[in-house]
Amino acid sequence: MFASTQFYEASHNILKNGIKQMLITASSSEPGTYAEAVASVLARSTTITTTDMVLSGGTSGYTLTISSNADIIAATSLLSTGIAKYICGLSTAGDAVLFYITTCTTKKLASGDTVTMPSWTITIVEPTSD
Amino acid sequence: MDTEKDKDNVIKLEDKKKPKGNEQKLDVQSGTLGGKNGFGGRK
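So the protein lines, in turn, are chains A and B. Take this note's numbering: the final residue in the first sequence is number 130, and no numbers are missing along the way. Take this note's numbering: the final residue in the second sequence is number 43, and no numbers are missing along the way.
Worth double-checking, as some hints may not be accurate.
Some but not every residue of chain A turned toward chain B, in silico, with C-beta under 10 Å [unchecked claim]:
1. G61
2. L78
3. Y100
4. T102
5. T105
6. A110
7. G112
8. T116
9. W120
10. T123
Calculated cross-link-like contacts (lysine to aspartate or glutamate; reagent style DMTMM-like; alpha-carbon spacing at most 25 Å) [as the list claims (entries may be wrong)]:
11. B/K25 to A/E36
12. A/K20 to B/D27
13. A/K20 to A/D95
14. B/K25 to A/D95
Quick caveat, the hints were computed from the structure, so don't treat them as lab data. Using N, Cα and C, we set each Cβ at its ideal position, and we do this for glycine too.
Could you put together the complete structure from these sequences and hints?
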């Protein structure tokens, strides 16, 4: 079985080119839309660029690594306090697309706290038989 | 304010009101799409 490099790259580039902000959202429920993510935001990253996401490939698939660099971890000004649970990759407000959601350490963010996030990955693996 | 000592006490109380905050490290869950896991949908 086989999937082309073009397939992996195109899939990942949707995220790499589309995600412009990362939100840390509260634990109440997993957001289903852009509006829901924004409504439960605890902290927001600065603008994310394509250099914050690095695509790498191998024989078993392709991985997009979301950097822990300063732009990403600068979600330091809490917009609200609460228990963090979800990390949401969003487009600009104008496009209003919710691209990707994952979970993070469930942790209470209190007034004055700052946030750091190590790098993390999204991987598309090679096809296998059902 | 009666004395210099009183002024000092006021400043110390104001300092205590400021939230210091802590650095919170959030480990983010990496994900895999495709293969036996399939694509899309919510788990």
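Do the hints match the structure? See the list:
A hinted interface residue such as A/G61 counts as satisfied when its beta carbon comes closer than 10 Å to some beta carbon of chain B; here the least separation is about 7 Å, so the hint holds. Below 10 Å, beta-carbon pairs count as interface contacts, and A/L78 has one with chain B at about 8 Å; its hint therefore holds. For the restraint placing A/Y100 at the interface with chain B, the shortest Cβ-Cβ distance is roughly 8 Å, inside the 10 Å limit, so the hint holds. Nearest Cβ of chain B to the Cβ of A/T102: about 5 Å, under the 10 Å cut. The hint holds.
The beta carbon of A/T105 comes within 5 Å of a beta carbon in chain B, closer than 10 Å, and the hint placing it at the interface holds. Proximity of A/A110 to chain B holds as hinted, the smallest CB-CB distance being about 7 Å (cut-off 10 Å). Interface hint at A/G112: satisfied, since its Cβ lies 3 Å from the closest Cβ of chain B, which is below the 10 Å cut-off. Using the Cβ-Cβ criterion of 10 Å, the hint placing A/T116 at the interface with chain B is satisfied: the shortest such distance is roughly 5 Å.
Below 10 Å, beta-carbon pairs count as interface contacts, and A/W120 has one with chain B at about 4 Å; its hint therefore holds. Restraint check, A/T123 versus chain B: the minimum CB separation of about 5 Å is within 10 Å; hint holds. Distance hint between B/K25 and A/E36 is fulfilled; the C-alpha atoms sit about 24 Å from each other, no more than 25 Å. Distance check on the hinted pair: A/K20 and B/D27 sit about 20 Å apart at the alpha-carbon level, within 25 Å; holds.
At roughly 10 Å between alpha-carbon atoms, A/K20 and A/D95 fall within 25 Å of each other, so this suggested pair holds. This hinted pair does not check out: B/K25 and A/D95 have alpha carbons roughly 30 Å apart, beyond 25 Å.
Hint 14 from the list above is the single one not met by this structure.
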